[in-house]
Every structure is written in structure tokens, then in C-alpha cells.
Amino acid sequence: MPFITGLISAIGTAVTAVSGFAAGLGIVGKALLSVGLSLGLSALSSALGSNKSAAAKPGEVSATLQIGGDIPRQVAFGQCAVKGQLVFIATAGVSNERLCQVFVLSDGWCASLDGIWVGDKALPLTPTAPDNGAVAKFTVDHFGDTGFGDKRMTLWFYDGRPGQAAPGRPQVFAPDRWGPSDRLAGMTHVVVELINNNDTFDAIPDLLFVISGYRCHDPRKDPAFGGAGSHSLSNPATWESTQNPALMVLAYLRGIQSEGQTLMGLDLADYDVLSDTFMQAANIADEGVPLDAGGYEPRYRASAVITAQDSDHRSALAPLVQALAGYLIERNGSFGLLAGAAQLPVVTLTDADIDWTRGVKWQGSRSRTERTNEVHGQFVDPAAQGQANSYPPITSPVFSAEDGERLAVQLDFGAITSITQAQRAARIRMRETRRQASASITCGFHLLWLEAGDWLRWQSATFGFDKLYRVVSRQLNPDDTPSLSLQEVGNEIYSWSAADEQPYLPPAGAPTGPPLPSTVMNFTVQPDVISSGDGSTRPILRMRWDPIADARVIAVIIEYRPVGRVAATRVRDDSPGDGEFILDQPPTGLDYEFRATIATVPARPVTWTPWISLTALKDARFLVDVPDLMARFRAQFDWQPVLMPDLTTLVWNTVQEASNADLKASASIRRVEEVSVTQDEARATLATQIDAKFDATQATITDLQTVVATNTSAIATMSTQLVATMEGLDATKATVLTQGSAIATATGAIATLSTQISVTAAGLDTLSGTVTTQGFAIIDLEAGKASVGYATEIEAKVNAVSANGQFDMVATVGPGGPSSRIRMRASTTSGGTMTDAGFMIDVIGGVSRISMIASQFVFVDNAGGNAFAPLIYAAGDWVFDSRIIMRSGTSGRRTVLTNQRMEVYDAAGTLRVRIGIW
1 MPFITGLISA
11 IGTAVTAVSG
21 FAAGLGIVGK
31 ALLSVGLSLG
41 LSALSSALGS
51 NKSAAAKPGE
61 VSATLQIGGD
71 IPRQVAFGQC
81 AVKGQLVFIA
91 TAGVSNERLC
101 QVFVLSDGWC
111 ASLDGIWVGD
121 KALPLTPTAP
131 DNGAVAKFTV
141 DHFGDTGFGD
151 KRMTLWFYDG
161 RPGQAAPGRP
171 QVFAPDRWGP
181 SDRLAGMTHV
191 VVELINNNDT
201 FDAIPDLLFV
211 ISGYRCHDPR
221 KDPAFGGAGS
231 HSLSNPATWE
241 STQNPALMVL
251 AYLRGIQSEG
261 QTLMGLDLAD
271 YDVLSDTFMQ
281 AANIADEGVP
291 LDAGGYEPRY
301 RASAVITAQD
311 SDHRSALAPL
321 VQALAGYLIE
331 RNGSFGLLAG
341 AAQLPVVTLT
351 DADIDWTRGV
361 KWQGSRSRTE
371 RTNEVHGQFV
381 DPAAQGQANS
391 YPPITSPVFS
401 AEDGERLAVQ
411 LDFGAITSIT
421 QAQRAARIRM
431 RETRRQASAS
441 ITCGFHLLWL
451 EAGDWLRWQS
461 ATFGFDKLYR
471 VVSRQLNPDD
481 TPSLSLQEVG
491 NEIYSWSAAD
501 EQPYLPPAGA
511 PTGPPLPSTV
521 MNFTVQPDVI
531 SSGDGSTRPI
541 LRMRWDPIAD
551 ARVIAVIIEY
561 RPVGRVAATR
571 VRDDSPGDGE
581 FILDQPPTGL
591 DYEFRATIAT
601 VPARPVTWTP
611 WISLTALKDA
621 RFLVDVPDLM
631 ARFRAQFDWQ
641 PVLMPDLTTL
651 VWNTVQEASN
661 ADLKASASIR
671 RVEEVSVTQD
681 EARATLATQI
691 DAKFDATQAT
701 ITDLQTVVAT
711 NTSAIATMST
721 QLVATMEGLD
731 ATKATVLTQG
741 SAIATATGAI
751 ATLSTQISVT
761 AAGLDTLSGT
771 VTTQGFAIID
781 LEAGKASVGY
791 ATEIEAKVNA
801 VSANGQFDMV
811 ATVGPGGPSS
821 RIRMRASTTS
831 GGTMTDAGFM
841 IDVIGGVSRI
851 SMIASQFVFV
861 DNAGGNAFAP
871 LIYAAGDWVF
881 DSRIIMRSGT
891 SGRRTVLTNQ
901 RMEVYDAAGT
911 LRVRIGIW
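With the first letter of the sequence shown counted as 1, position 294 gets the number 294 in UniProt numbering; the numbers rise by one all the way through.
Keep in mind the hints are simulated off the structure, nothing from the lab. For each residue, glycine too, the CB sits at the ideal point set by N, CA and C.
Quick list of in silico lysine-lysine cross-link-like pairs, DSS-like style, CA-CA up to 30 Å:
hint	residue 1	residue 2
1	K121	K137
2	K797	K693
3	K151	K137
4	K361	K467
The following label-pair restraints were derived from C-beta to C-beta distances:
hint	residue 1	residue 2	range
5	A744	S676	17 to 27 Å
6	V346	I884	57 to 67 Å
7	A461	A744	44 to 54 Å
8	A461	S676	51 to 61 Å
9	V346	R849	39 to 49 Å
10	P503	A744	33 to 43 Å
11	S367	W608	31 to 41 Å
12	F465	T766	18 to 28 Å
13	E674	M852	49 to 59 Å
Generate the whole structure from the sequences, applying the supplied hints.
The structure is reproduced here in C-alpha cells:
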């Protein structure tokens with residue numbers, strides 16, 4: 001069969017796009033997992049975010065054949081499956097029985113051609129002596145030979161090294177189109193020749209090449225960097241291909257080189273790279289991790305195809321940094337890298353190390369959008385020709401019960417090719433969200449050396465904790481003291497054992513072995529209790545079954561109903577592999593029955609388990625951990641202040657100004673009106689600023705309004721700020737700030753409004769006063785949940801002495817049921833010691849509770865204008881300054897207690913017992 005017919009068909013249906021992953025993050029966890037890959041970035045953040053052709057877009061596999069000349073540069077890292085770019089095709093011989101194709105697989109100097117897929121089959125390559133200028137030559141013996149000494153499929157591999165020779169076979173097929181100077185300089189490519197003399201091929205075969213990609217410099221093997229080996233940064237011939245993601249990130253930052261040119265990347269100088277951090281990250285990545293099946297695999301490895309086009313460098317690096325479960329860091333203008341591993345704290349802080357006069361913000365918990373209790377997504381599966389398959393969902397019934405709802409996040413790993421590594425990285429990211437405390441502090445000059453990425457231990461008597469924190473960012477103040485942003489961490493975030501590994505069943509292929517399950521096995525329901533977020537316990541139901549290893553079972557469906565009734569309530573557990581589901585806020589008061597089944601993709605016949613009866617839950621008892629309750633109670637009121645949006649990026653298009661240099665006076669009015677409409681969105685911005693200065697005084701009003709509409713969302717935001725300042729020995733400042741937002745999407749709506757008024761004075765003493773009010777309303781259609789909240793905080797402060805008052809209300813209705821909470825608190829801080837009093841009113845899980853914190857508890861009776869305290873709690877004692885009468889019902893039966901005697905009366909009111917003095 002001649003090749004010409006298949007050739008026309010192939011060219012006519014070719015697609016030029018490179019496939020890639022879609023992050024798919026919803027409302028929950030989006031902020032956490034989409035921008036949480038960098039620490040301390042400031043001076044170089046513009047370089048990471050630059051929008052220029054040297055930036056790159058990651059493609060995990062290049063699984064689509066590309067045809068044509070307008071194809072961006074592409075570089076393969078690690079061991080990748082690529083179809084490449086078809087740059088030459090020609091036929092020759094009798095009836096066009098010979099076909100020659102040239103595929104560019106990657107830019108840059110790569111290591112080797114390791115395998116080939118023909119259609120859906122991985123076929124072995126047989127090495128043979130290279131010729132035609134190639135560095136390697138292979139035959140595919142699966143297709144046999146022609147009977148005249150030639151193999152029906154032959155490949156010549158050219159690795160993109162500097163000065164490589166032009167391939168010889170294209171010159172034989174089409175000397176008018178390919179000459180001796182057409183050497184594809186700096187490009188890794190393969191020449192494929194097929195001979196179809198016996199109708200071996202009924203069409204042009206679909207080819208997928210497996211290569212070991214770009215050769216990277218390893219400073220651990222370079223004596224110039226203190227390493228041991230033959231690598232030299234100035235000699236690419238000494239570099240090697242690697243699956244170590246730390247070395248890939250390092251190569252990208254230094255710039256991907258080919259024939260003396262930088263193809264993509266930042267092209268950083270050596271002094272802009274913290275080589276020691278990359279060496280440490282590379283060592284962590286190479287550590288062995290035990291596997292459930294026995295043996296070990298590297299802790300972190302990666303394979304990715306990065307494509308240069310109009311995007312930002314941060315997007316290009318994200319899959320590689322995620323493959324390390326790590327963070328890119330910046331220290332004093334230089335880039336470094338942290339791999340996902342526990343660190344030793346570099347210092348232990350106490351409250352004495354903190355400058356409390358600069359203000360301290362500590363928040364004990366993350367918001368709902370910053371937490372997750374379930375992570376699911378995809379990884380690059382080599383067994384599926386480098387396509388995406390799902391890894392087992394990473395879940396935690398304990399975390400779900402703590403949150404009272406399912407907080408699921410999709411996290412795709414575009415550079416991870418190991419199913420167990422994908423599970424490790426997903427579990428790390430989930431556990432990071434459970435370390436919830438954060439802080440902003442200023443330390444003394446003696447801690448100037450702290451840097452972004454460092455771990456430290458903070459032992460705080462003020463807040464009553466001993467925690468590990470990571471330095472997220474460091475800002476150097478004019479007096480050389482460091483202001484630090486901290487996020488809580490813990491060693492357990494990175495713990496892993498072979499027992500943590502979940503079974504993986506690829507979705508492709510026909511089922512083998514025993515019949516597929518049609519329901520869950522050994523389904524049970526047991527009552528239990530669990531600790532709530534405020535230190536108390538609450539009842540739950542634990543539903544368990546044998547863990548399901550079949551990856552095609554995507555959920556367990558559970559129904560429950562009162563015994564004797566027909567209608568049932570249905571819940572769904574999307575993590576069937578863990579064998580457990582916790583029903584928070586379980587039904588009470590009646591006897592209930594439960595049953596379960598499974599949901600599968602593709603669908604299969606399923607059956608329900610028999611109904612299981614459970615006696616009604618009654619008399620739920622709650623135990624309170626007092627120290628933990630106090631810590632959580634205080635943490636509830638620590639929240640970040642609202643911030644004014646940055647207006648420095650606006651270009652004022654209307655300006656009116658007046659000034660008088662002699663009086664040192666000026667006044668101005670600035671205005672911006674911007675509108676734009678693109679294929680993706682319609683946007684309008686209106687900003688005004690009026691400003692007046694006279695010598696040492698200044699008054700400013702700034703207003704910013706923005707509306708954005710797309711086919712999936714509508715957003716309206718506003719911000720108004722009033723500022724009045726007086727400079728001098730006793731400088732004063734007054735500020736009023738109001739901000740609001742309204743967001744509507746297909747999956748929910750959010751409305752927020754906040755106001756902050758503040759006054760400050762800085763002279764011999766520093767004084768301040770602040771009143772902050774915030775409100776929000778949120779609906780999440782995907783979760784079927786509605787939440788509203790309102791909070792007010794006041795603070796008066798003189799130097800390190802402060803007085804605060806706080807009040808907030810939160811109400812939520814969702815799958816876990818309704819809940820409502822009201823909190824009020826008063827506190828003072830003096831000499832580093834905080835004193836507070838407050839109460840919380842909760843209705844959660846059908847249980848109501850009032851919690852109070854105070855060193856004294858007093859009832860006051862003001863009846864008749866004569867105030868007195870009939871009941872006082874102080875120093876561990878209850879004091880009753882009145883008679884105590886205990887009675888039941890309306891009869892005369894009662895007991896009377898005074899400070900002298902106890903008297904007991906019968907139902908007729910007759911005194912029967914008297915004990916004491918009379």
C-alpha cells in the first residue's frame with residue numbers, strides 16, 4: 001500500500017495545540033492552592049510575572065502532533081512522552097512505498113531516545129550502529145524486515161548538541177528541500193523511515209516518542225559549587241538529564257540554553273541564585289521513600305514539557321514546584337527553593353523578642369476558603385501514554401468532622417508521573433491547611449538575619465502556645481528591625497509511610513479477577529463523639545465498610561430514615577477508598593435505620609445493603625477542655641484588618657492642580673475613567689482623588705469603583721478612604737475606610753462590606769484608636785450552604801497598653817445542618833499580660849450552649865433602687881449574699897439555706913428539719 005493516501009489524511013486532520021491540565025479549583029481552597037507556591041517574593045516578583053515571549057507555559061505531555069512553522073519553543077524535562085512537531089515528510093520508491101518523517105521532539109540538548117509507542121502499543125527499540133550524522137540509531141523489529149536486508153521501521157536520533165550534523169535521510173528523499181546545512185541547530189529530533197513493501201502499514205502509524213529530556217547542570221556534582229563530580233556550569237557537555245525537579249527549576253531560572261542562546265527562562269546571573277538551597281532541595285528529592293509493594297522510589301521527581309509563549313514564568317514553574325510540594329523563595333533579591341520536608345527551627349522566639357509597640361496580629365484559624373479536608377485530581381500516567389489519570393482522593397474524616405462540611409479541592413499535578421508521589425504531595429498540601437495559625441510581628445535588631453522560608457519556634461505566654469512557624473516574608477524597617485509574616489507549620493505535615501499509600505487501579509483495560517462489587521461490604525453504623533473546634537465534644541455517627549480498591553467506584557451512597565417510614569434522607573461520600581464516613585449532627589429522638597450502596601463510572605448494576613437499625617441517640621453529654629476552650633475562644637477574635645487597595649498602578653487621566661511654593665500649599669483633583677471590552681470580559685473603573693496640603697497638614701479623599709462582567713461571573717467593588725494628617729513632634733492621623741464587594745457566579749454569590757475608622761498620634765508616646773466593622777453574606781450552590789456574619793471591634797492603645805472590645809455573629813445553614821454563634825469579649829493588655837472576659841452563645845448540632853470566661857462572675861439586683869450582688873464567683877469560690885430556696889412544683893415542699901442554718905419543709909409547708917444556729 002502506498003503512503004500517499006495516509007499522508008493526505010494525516011495532514012488534513014492534524015491539530016496544533018498542546019494539551020494541558022485545567023486546575024479546576026472552586027471557591028473552596030482556590031486562594032490557598034493556586035497562589036501558595038512562593039515565599040518572600042517582592043523584588044523579583046515582577047520578573048516572575050513578566051509577560052513576554054521568553055516566558056513559558058507548562059504542558060505535562062505533548063500528546064498532539066504539531067504541524068507547521070508557527071510553533072513556540074518547547075523543552076522537555078525528565079522522561080517525557082512527546083509526539084513532537086512534524087517538520088518534514090516525503091515519500092520515495094516504487095508506488096511511494098518508502099516514507100521519511102522528521103519530528104522535532106524538544107529544543108535544547110537532550111539525553112536519549114528511550115522508547116516508542118506505535119498506536120496503543122509500546123514497542124522495544126533495538127540499537128544499531130549510528131550513521132547519517134545521528135548520535136543513535138534504532139530499529140523496531142516488531143514489524144520485521146523487507147526481505148532485502150532493510151528493517152520496515154528505522155529511527156535516527158539527534159540529541160540537539162551544539163554543532164550537530166544535518167540528518168542524512170531527508171537529503172536522500174528530497175534533496176531540493178533538505179540540504180547539508182539544514183541541521184536543526186539546537187533541536188532534539190528523530191528521523192523515522194518506514195518501508196511498506198508488503199502492506200505492513202494500512203495507514204501512517206501514530207507515533208509517540210519517550211525521551212530523556214534537557215540536560216541540566218547539577219551543582220552537587222560541580223567542584224566550583226563545593227560538589228563532587230565532573231559537572232561544570234560553563235560546559236553543557238558535562239550536564240545530564242534528570243528527573244529531579246529542583247534541578248529543573250534551577251535550569252529554568254538560569255535560562256534554557258541552546259547553541260549559545262537563551263530559549264526561555266529568566267536568564268539569571270549566578271549571584272541571583274541561592275545554589276545551596278537548590279542543592280538541599282535536590283538532595284531531599286533524591287531521598288528514598290518506602291513503597292507498599294516493597295522497595296523505594298525517589299521522594300520527588302518530575303517530567304514536563306514547557307512551552308514558550310505569552311504567559312508568566314510563575315505559571316511555568318508551578319508544576320515543577322508542586323512536584324516538590326515546595327516553595328520558591330526570594331532572599332535579598334536572589335531566588336532559592338524549598339522542597340517539601342520538615343526543617344529544624346533556626347531560633348526560639350519568646351514574647352520578649354517581639355516589639356509589641358509595632359502591633360502584633362495573631363490569627364488562630366484559617367477561613368473556610370483556606371482550608372480543605374479532601375484533595376483530588378490527576379497526575380501524568382506513563383502507563384497511559386503520558387495522559388492524565390486520577391489519583392485516589394486524599395481525605396480525612398477527622399478534618400471533615402472538625403469543619404462540619406466537605407471542603408474539597410481539585411489539585412492536578414502536571415509534572416508528577418508517580419501515583420504514590422501524587423498522593424504524598426496532595427496529602428502534604430491538605431495537611432498544610434490544617435496548621436491554621438498565622439501572625440504578623442516585628443522583632444528586634446538581633447533577629448535581622450531571619451529570612452523567608454526559615455522555620456522558628458514561638459513560645460508565647462501572651463497567647464498561651466508553643467508552635468512552629470515558617471517565615472512567609474520579611475520586611476526590613478528603616479531602623480533595621482525585621483517585620484515578619486508567619487504561618488504555622490508542623491513536622492507531621494511531611495510524614496509518610498508505606499501504609500499511607502492507597503491502592504491504584506488504572507481506569508483503562510478490561511476487568512480481570514473476581515466479579516466487580518455491586519455494593520459495600522460489612523457496612524456498620526456506630527455512635528461516637530468527637531472534639532469540636534471550641535474544645536467540647538459532640539455526638540456523631542461513624543459509618544464504616546471494607547475499603548474499596550476499585551478506582552471505578554467513585555462514591556458511597558447512604559440513606560437513613562426513621563424506623564417504619566418510607567421517605568429517606570440521602571448523603572454521599574466521595575472518598576470510598578478510606579472505608580469510613582462521619583455523619584455530623586446525627587438525627588436524635590427516634591430510632592433510625594441505615595443502608596448503603598455504591599456509585600460507579602462507568603455505571604454498573606448496584607444493590608443496597610440491608611437496613612441497619614440504630615436506637616435513638618439520647619442524653620448526649622459534653623466535656624469541656626477549659627485551657628483549650630480559652631485558647632480557641634481568644635483566637636476567634638483575632639482577624640486581619642481591612643487594607644486599602646493599591647492605587648499606585650492607576651494612570652490619572654484627568655488632573656487639576658493648584659500650588660503655592662511660598663506657603664508650601666497645594667491642592668489637586670485626579671480622576672480616572674477606564675472602560676474595556678474583550679472576548680473574555682467587560683470592565684469599567686472609576687477612581688477619584690482629591691488632595692489638599694498646607695505646610696505640615698494634608699487631607700485626602702480617595703474613591704475607587706470597579707465593575708467586571710464575564711460569561712461566568714459579575715463583580716462589583718468599591719473603596720472609599722478619608723485621611724487627615726498633621727506632621728510634627730506630635731504627629732497625628734485620622735482615617736476612615738469603607739470597602740464593599742458583590743460577586744455573583746453560577747456556583748454562588750458573595751457580598752461584603754467593611755468600615756474602619758482610626759486615629760493615631762506619634763510623639764513621645766504612641767496612641768491609637770480603631771473601630772472596625774465587617775459584614776458578609778455568602779451562598780455556595782455546590783455545597784448547598786448559606787452563611788452570614790457580622791463583626792465589630794474597638795481598640796484603644798497607648799504604647800504597649802491596649803483595651804479592646806469585640807462582638808460578632810455568624811449563622812450558617814448547609815448540608816451539616818443549621819448553626820448559629822454570638823460572641824462578645826472585652827480585653828486589656830498591659831506589661832505583656834492580657835486579661836479578658838467574654839461569653840459565647842452557640843446552637844450547633846441541635847445543642848445549645850453558653851460559655852463564659854471571666855476571673856469574677858457577679859449577679860447584681862437593682863430592684864427598688866438598692867443595688868446589691870446576691871451571687872458572686874471570685875478566686876474559685878461561689879458567694880451567695882441572699883437566701884437560697886430550692887423547691888419543686890407548687891406545693892410547700894422546699895429547702896431554705898441561709899448563712900446560719902438549713903430548713904426543710906414538707907408539702908403542707910410545715911417545718912420538719914432545722915440544722916444550724918437559731
